[in-house]
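Guided by the hints, dock chain B onto chain A, whose structure is given.
Protein sequences, first through last, are from chains A and B.
Read in order, the letters of the first sequence are residues 1 to 232 in this note's numbering.
Read in order, the letters of the second sequence are residues 1 to 246 in this note's numbering.
Quick caveat, the hints were computed from the structure, so don't treat them as lab data.
From a predicted model like this one, the values you see are computed outputs, not experimental measurements.
No false leads were mixed into what you were given.
Keeping only pairs whose Cα atoms sit at most 25 Å apart, straight-line, the calculated DMTMM-like set for lysine to aspartate or glutamate is:
id, chain 1, residue 1, chain 2, residue 2
1, B, 186, A, 215
2, A, 28, A, 85
3, B, 164, A, 170
4, B, 186, A, 203
5, A, 228, A, 170
6, B, 164, A, 85
7, B, 186, A, 193
8, B, 164, A, 100
9, B, 186, B, 122
10, B, 92, B, 163
Among chain A residues calculated to face chain B with C-beta under 8 Å, some are:
id, residue
11, 165
12, 166
13, 175
14, 180
15, 186
16, 210
17, 221
For every residue, glycine included, the Cβ atom is placed at its ideal position computed from N, Cα and C.
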Amino acid sequence: MSDTARPASLPAFAALLGREFRVELRTKSLITSMGLFAALCVVIFGLGVKGLMLDDTFRRFVLAALWVCSWFAAVVGLNRAASADRNKGFFSALMLIPHDPALVYAVRLVAAMLWLVLTQALMIVLAVPMLRFDFFDQPLMLGVLVMSDLGVLAPGVLLASATGRARGGEALLTIALLPVTVPVFLGATGATEAMHTGTGSAEAMPFVLLLAVCDAMFLAIGLLLFGKLNEG
Amino acid sequence: MSAKPAQSPLVTLALAGAGLIGALVTLYLSYFYTPVQVSRGTLWVVTPDGGNTINLYESYRIFFVHLPAAYATAVCSTLAAIGGAAWLLTRKEQWQAIIVSCCEVGLAVGAIVLLTGTFWADYAWGSGRIGSGWNWEPRLTTMLILWFAFAALLVLRRAIDGEKAREMMTAVYGILIGPLYPLVSKAVEIGQTSHPRNFSDLLSAPEIATTKHAATVGIMLALASLIALRYCWNRLGQRIAQERAA
Numbered sequence: 001m002s003d004t005a006r007p008a009s010l011p012a013f014a015a016l017l018g019r020e021f022r023v024e025l026r027t028k029s030l031i032t033s034m035g036l037f038a039a040l041c042v043v044i045f046g047l048g049v050k051g052l053m054l055d056d057t058f059r060r061f062v063l064a065a066l067w068v069c070s071w072f073a074a075v076v077g078l079n080r081a082a083s084a085d086r087n088k089g090f091f092s093a094l095m096l097i098p099h100d101p102a103l104v105y106a107v108r109l110v111a112a113m114l115w116l117v118l119t120q121a122l123m124i125v126l127a128v129p130m131l132r133f134d135f136f137d138q139p140l141m142l143g144v145l146v147m148s149d150l151g152v153l154a155p156g157v158l159l160a161s162a163t164g165r166a167r168g169g170e171a172l173l174t175i176a177l178l179p180v181t182v183p184v185f186l187g188a189t190g191a192t193e194a195m196h197t198g199t200g201s202a203e204a205m206p207f208v209l210l211l212a213v214c215d216a217m218f219l220a221i222g223l224l225l226f227g228k229l230n231e232g
Numbered sequence: 001m002s003a004k005p006a007q008s009p010l011v012t013l014a015l016a017g018a019g020l021i022g023a024l025v026t027l028y029l030s031y032f033y034t035p036v037q038v039s040r041g042t043l044w045v046v047t048p049d050g051g052n053t054i055n056l057y058e059s060y061r062i063f064f065v066h067l068p069a070a071y072a073t074a075v076c077s078t079l080a081a082i083g084g085a086a087w088l089l090t091r092k093e094q095w096q097a098i099i100v101s102c103c104e105v106g107l108a109v110g111a112i113v114l115l116t117g118t119f120w121a122d123y124a125w126g127s128g129r130i131g132s133g134w135n136w137e138p139r140l141t142t143m144l145i146l147w148f149a150f151a152a153l154l155v156l157r158r159a160i161d162g163e164k165a166r167e168m169m170t171a172v173y174g175i176l177i178g179p180l181y182p183l184v185s186k187a188v189e190i191g192q193t194s195h196p197r198n199f200s201d202l203l204s205a206p207e208i209a210t211t212k213h214a215a216t217v218g219i220m221l222a223l224a225s226l227i228a229l230r231y232c233w234n235r236l237g238q239r240i241a242q243e244r245a246a
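Same shape as in the complex, but just chain B:
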């Protein structure tokens, strides 16, 4: 058994600090740097398929958390699939810890995407009443399913007793989760959608583009710190299990 630590706590702490600073910068930019009033002709005035134009006014500020959190969910599902394939090829237990960490963090960031999206949709697509924006739109629904898939992997792991069978199931299910994010991404092309198909209009405004890029960097740093934290935790769990078995 290896005695060296799974990962330097300093790296995790540095990532956590950077992530916190990134989140604060994102909040500051989205409230104080981006324009207060919006006008027609820009993306935050959106037109859903077959619907009337909606002016999002102040509600568009949710975008700076919602979109980077969706990118973070994509990273989690992709890393889970890569981890699954890598474990099958190498059988190194580090990959198991990565798959589990990605699913745990994927649950958290996926919840942020769903909650911010739902609150925004209540205003933009619904009547303003809580729950009125949930319209079974393809991207919304597929994101919810991806969230359930992260949860399913964690439930499956707890239910399988043998270590070998558990690790194998984790790797295989991690691979199966992989293709779900491309589906979320392409969902706007499958059926009638309320989501905008691209953000080119929005990003033509320099303040919006700068804030969006800063928010993406900030949330990715926060994501990396969360994955690193959960990775350390899971590696510690693996070590304790090995000590008990020895």
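Pulled out of the complex, with its shape left as it was, chain A reads as follows:
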């Protein structure tokens, strides 16, 4: 953050977020690549499990498979955004704005969350008939979904801003992000399994707590370090 940088403000946040949406609505590059990737994953998993019996093991497999698809869809989106930044110089321009760089991080995070939630909505719509997935009987899953997305994207947006400039950055982001976000994956799969195997939301609470701790920690690290990671 330069000496003349102004603190983040709501109008600046709204203006930058509006810019992210306008760019995406014009190019449709993120939502199409993430959506197609997620849809293909569901179809391929569906092909692989079409003959299996609908029992508890099957349900657990489907839940884990959907989380894995979601994880990699997030990585596809982050890589695509980093690639556009690198090729068109968007990111360098954004870092020149006279505001705290944490504002750019927050805007990027909110936009990435929206694209990921839309992708997950598409996945769920496909998974209900193709993978015989019962999502709608557990409305609390929406909370778990949002918390998990935040837990993956908070370090993801931070790391993608640096790996986007590196050689082989697309593979690097996967290598760097997945180990760090494993606690989130444990929390997400644990909470989902507890809710869908009928043990109730009380059983899911330790996992939800784990997600909350990860979200808070990664968000704080991202807001504090985004400017430093991209300074100069």
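Relative to the frame of chain A, chain B by itself:
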């Protein structure tokens, strides 16, 4: 540029010697001092969550390498996080060398934890066949992920070209590695586990407690010598890079 050496080689040599002696003492105590036969009612007869009691017999001797190596991995991940924060605050290149050294040594000690744990699990939790003990148990899995995180930091460093960007990424990723060991430690409380939740029964036997403490000291000395060695090496690399740039 500073002309003085990064660290006295004598300190590294002394630590290496102490570490070697510590490792030999650990091996001697674990094979000749601790009891040969074990009986029910002690921790080396373990009962996994929801499982039947397992008598570990002689295999429990792996414990004296496995547990201190896990402590060493914890030290590596904690030092990497401290190094990351310290570099961001001071921008002294010594901290970069510490982060990298800790990740390199963390890879080695993490591999020891995983290998000894897997071989032990093959006997204790599996059928005895190699690989039969890998049951995706939470602590086992999170330790593997920590190992991947150490590897990821080293890969990231090699891939980023600009020195400033590389140092910044190293520091930030070092900080992100920090919280992973507490997760490994707490993993036994998250899901169903085959690991014992504490060692109080085991440590009530004086020979076991003495050997465990001696092994911890020995492996920590070996860890310190390895970190010191890699630190000297990395500082030398930094100096060569500075000379080339000058």
